[in-house]
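K.L.:
Could you use the hints to bring the two separately framed chains together as a complex?
Just so you know, the sequences run in chain order A and B.
In this text, residue positions in the first sequence follow numbering that gives the first Met the number 0: the first is 0, and each later residue adds one.
In this text, residue positions in the second sequence follow numbering that gives the first Met the number 0: the first is 0, and each later residue adds one.
Accuracy of the hints is not assured; some may be wrong.
[To be verified] Computed cross-link-like contacts, DSS-like style, restricted to lysine-lysine with a CA-CA straight-line distance of at most 27 Å:
(1) K255/B x K192/B
(2) K20/A x K123/B
(3) K123/B x K106/A
(4) K106/A x K255/B
[Stated by the list, open to error] If you want a taste of the chain B side facing chain A, the calculated C-beta under 8 Å gives, among others:
(5) A189
(6) G208
(7) G212
(8) R250
(9) H254
(10) K255
(11) M259
(12) A414
[As the list claims (entries may be wrong)] Which stretches of chain B does chain A cover? Using the computed rule of at least three CB atoms under 8 Å from a CB of chain A, they are:
(13) 193–202
(14) 398–412
Hints in this document: simulated from the structure, not taken from any laboratory.
Remember, predicted model here, so these are calculated numbers, not experimental data.
Quick reminder that beta carbons are idealized off the backbone N, C-alpha and C, glycines included.
Chain by chain, the residues:
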Amino acid sequence: METRSDLALSIDDLTVAYHEKPAIWDIDLDVPEGALMAIVGPNGAGKSTLIKAVLNLIPRAAGTVTFYGAPYEQARSLVGYVPQRGSVDWDFPTSALDVVTMGLYGKLGWFRRPGHAERELALAALEQVGLVDFADRQISQLSGGQQQRAFLARALAQDAQIYFMDEPFAAVDAVTENAIVDILRELNQRGKTVLVVHHDLQTVAEYFDWVTLLNVEIIASGPTAENFTLENLQQTYGGRVSYLHGGQLLAASAP
Amino acid sequence: MNPRPALGREDRRIWLIIAAMAILGLLFIPFSQTLFGLRFTYTVRVVALGGAILGIISGALGCFAVLRQESLLGDALSHAALPGVAIAFLLAGRELSALLIGAGIASWLGLRFVSALLATTRIKRDAALGIVLASWFAFGIALLAYIQSIPDASQAGLDHFIFGQAAAIIESDVMLVSAVGVIALLVLLAFWKEFKLVTFDAEFAGANGFRVGLINTLLSTLIVVTIVLGLQLAGVILMVGMLIAPGIAARQWTHKLDQMVILAAVFGAFAGGLGAVISALDSDIPTGPMIIVVAFVLVLISLTLAPGRGLIWSRLRQRQNRREFAARNTLRDLYRYALAHGAADTPAPDSFIRGVGDRSAALGLRQLRSEGRVTLGAAGWQLSESGISLAQGDRRNQRLWDLYRRYAYELGLPAVAEERGRDIASLLPANAVARLEAKLEEGADS
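So here's chain B without its partners, still in its complex pose (with noise of 0.2 Å):
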């Protein structure tokens, strides 16, 4: 009546993730200090630092982009933060605060552009989101070009915004990105509810009373915030990726909102940490495409393995599937045979059985026999005596269901999803199983 929900394998699952993160984090330390004989210098801590806090922010927040099929509105948004840094520079010299409020304020007028354009023409999002990443990134190269042409800026470094520096980055910048960013987390925390409902479902959070045009543009503001932070090691180029990966990956492992955003932030800090020690070895290591490397080797794995979802195994669970199939099948046909040719236990000839099933008979017998429920005689293939009563058993649960189909609603029995391969009895409670099989004494099904 009141189902506690059990912390399943599911939950634990997600810990035992976190906890092999951590440990492969920590891992390569040594390993890598061995290996590659990379000194752990204030500066590459500094680095791995920004790269793991960086991580954790666009990892939770970019699960939203992802849930809401928006990565490719965090990519026009990265590219169209490159003309802000650059008039940001031309107003107010290298000052890295400043710079992000540039590329903050020319990422959300492009955010507010896309929005325009969808509400008053008839392009299509992808068309419009083109048009602001091509435009903007246009605009942004354009104007770097001139800064470099300019006597006194040409060593600014400006270009490290397009794929990103760690190198460059200083413990004060890793201070700004952090501040920020636990606030940004923050507000995620705060509007969790609205942030979820709206992701989820914004007609039926409109019809609520919820304010959905804000809680939108609340939620686009955060994405673009997160992908200013990233800018200075990811680059407006890769930024998306870092943005949307470790959603990606942490989406194969739970069905939970929460816990996939738990996830995706342990992902991105994994992802950003090692990607940017890898690329602050050497200056000309460019931190964006580390970072994502390391990323999408997290989605790659997760993807191949995550259980429910991953690629092995549900093409594991589609040969089982078939397997299972084929014995069931095989089972009845040998069952219907027997019983129209004397008891249960009469042997069907092999060529019969093969020219009814067709290939997948020979998977079913396979699988039958490896289970012992039948035996190859002379006379042909003999139900053994569990084989005979797999298959009563088997026969009364498709009369069961036969019922439920045609007395579910007189005798007010649960309405459940008919799964005709399952037995009804775990799938109905017993005094509805109970009714059903008053009704098969009764004759009722023939």
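Bound-form chain A, shown alone (with noise of 0.2 Å):
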């Protein structure tokens, strides 16, 4: 049996309602410590939805929710954060090196300013996805996929207990897919808690230990090989997920 500290997340009862149609509806999910999870489920299923409702970006309607036991304005120093790369506009003047170190603003709160000990710490993030080369390259000068790794490099740099990714694969080239999924087994090895929205059916199982299906409610969750199943998908899915040749699953609809 585990203990609630066992849990690096615990949501119980979560809604969350823009206008007057739930977009999240009544959602309790336990996620154990080091726990590698996709949460996967079709367009409008409320994916980004449950990670800013839970990281307290939105007005939660209903619910709680405790990271390692404790409400999130105590534990927010054990939270990293990747969002959707599309909600920046990359043509803002700054370099790599600039937003990585924006991962360590948070540590040094109101007035302090970055200095010499935050670049180098930013540096190493940089050199863990492989853009130190980049590190002072004007961000919109960077491809797509090196600007996902120039996010996840923040993340990084934050330092954090669990991590969020919103679509850190959409659309991203191969070296970047690599690059990801390395990040996200070292991340795990050394026992952090990865919750990753996920859009790509046929690599959840290979990336990922823990899956929740989420289509406005819990569809289901826990480890892959006893969740991630035909019967759960097409139920989240509604029934238009088949086989492919050689057993991999598909949605039908595209992601």
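P.N.:
Right, dumping it as structure tokens:
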């Protein structure tokens, strides 16, 4: 039996509504420490909404969320976040190194400026994602995959215990995908908990040991081997899932 | 491993521009004296100083309005200041600080009203801004008309706030603008990190525990303060130009936020100073339009000339790219034909190469010929020695890129973006290239 403190994340009865329509409904989710979890579901299933509600970025209609038993306000420094790449203006006048340094602003607090120590930490994070040679490049001059890796490096610089990543694999090149997978595994080996909004059903079983199937409500959640089943997927995607040859799963609806 | 940021061309360029603006500004004095007979009386000096100081403040803070894509908010907020001016006049008389406080309160209430509309209704942002702009401004105009009708207030000159009037500015006004402006700039400096983070990625800032709502309100309040300071000079209708034009111009020259803000302040000072002086020559020239004309000349020059982003630069680069693509493709066609029909120096018939490459072949052949890569003989186009070695190098480069795509992960090579037009050795470290070359020797690509 697990005690509460083994849980990196515990969500109870979480509901979020945009105007009158619920975006996610009555979510109960426990994530054990050290899990590498995919959150999958069709468009409009509320995957990003779930992450944003957990991180207090949007108002909750109901529900409580705790990180390692503590509410978000007290656990903030334990939490790392990789937003969707499309959520910012990449023409912003700043360099890759500068973006990664932003991951350290939270620890600096008000008024204090990043200095030499922060620069070294940011460079180390860039090194981890293979972008150290691009440190001084303006961010609009990075490729899509490199931008995604810069976001990942920023989260690494946060040095959190639990990471939330919103579609890090969306529209990236193969080299970047491999680099991200390596980092996910490394985080996992270091005992970090990672939740990833993911859209590619074919790689879920390969990349993640835990999975949550979401369509406004939670359809199934737990170890991938037991929960990533055709029956659960059909329930999540409304029957538009079929087996391909070779036993691979594919959602008939585009992700 | 630990790249030092070199003081690059870009950093030097910024200083060059700042120096150029300073020289231009100084040259204007003798130039205008001899050509226009402008006399730099005490009044004109005060006006010039006021315009320049306002330009520094609005240029620096306006950068954030530009980067947050809030130019229209700036426009709505400056229009919304007008009823505040009128009400303050009715309550406290024609005291500038009172008028500006009134303007600030009205503008700030407009800001809160936009936020409230967005939070509680389904009205979209542009509509909410339109509502505030039109209704606040209309109310202000109505109040001004009423004030004009009061017998002893007809000389108040409040309508100067609509288009701005430099001639009305006096030394104490400049002192007031400077004092408040310095405070606004100090606040900007103190919260630099927070403003930057919230402007770039508000979600991430929120997830890091920053009070995004508070920071946004503070930044918007600073922009309101800037607008209010500029009302007397630029007027409510055109203040937005003073706010955004220097930032837009500065953005073209640099990729760094701190440099952008400094450069925008310099551009703002130039436009504000020059515009105010020109309009002070004749009390019939409203100052707002004069300043904005100068500011948008700077925008036009920047959009045209700035390296990297300017129109001329990107047009030239486009043409160069087209030439390079054409040359590379034509070179490959020639090389492939030559190898298929004998040795690398076998000539290819003109009709063949033009048939394969269509219109770009002509461009490519011209480019290759000017570089001495090909010669045209009786039998057709023949690759020269340098042409052959270039074609071989290109072929090898493409094969290394193919291998990189296939084996990068397996060999644990650093992840770089595939830029096949460039030499792989310029993007990957030497030991990584060596491992790919070893693969090539193995014949792993065939």
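K.L.:
Compare the structure with each hint and give your call.
P.N.:
Outcome of the hint check:
no.	hint	verdict
1	K255/B x K192/B	holds, 14 Å
2	K20/A x K123/B	holds, 19 Å
3	K123/B x K106/A	violated, 36 Å
4	K106/A x K255/B	holds, 23 Å
5	A189	holds, 6 Å
6	G208	holds, 4 Å
7	G212	violated, 12 Å
8	R250	holds, 7 Å
9	H254	holds, 4 Å
10	K255	holds, 6 Å
11	M259	holds, 5 Å
12	A414	holds, 4 Å
13	193–202	holds (count 7)
14	398–412	holds (count 3)
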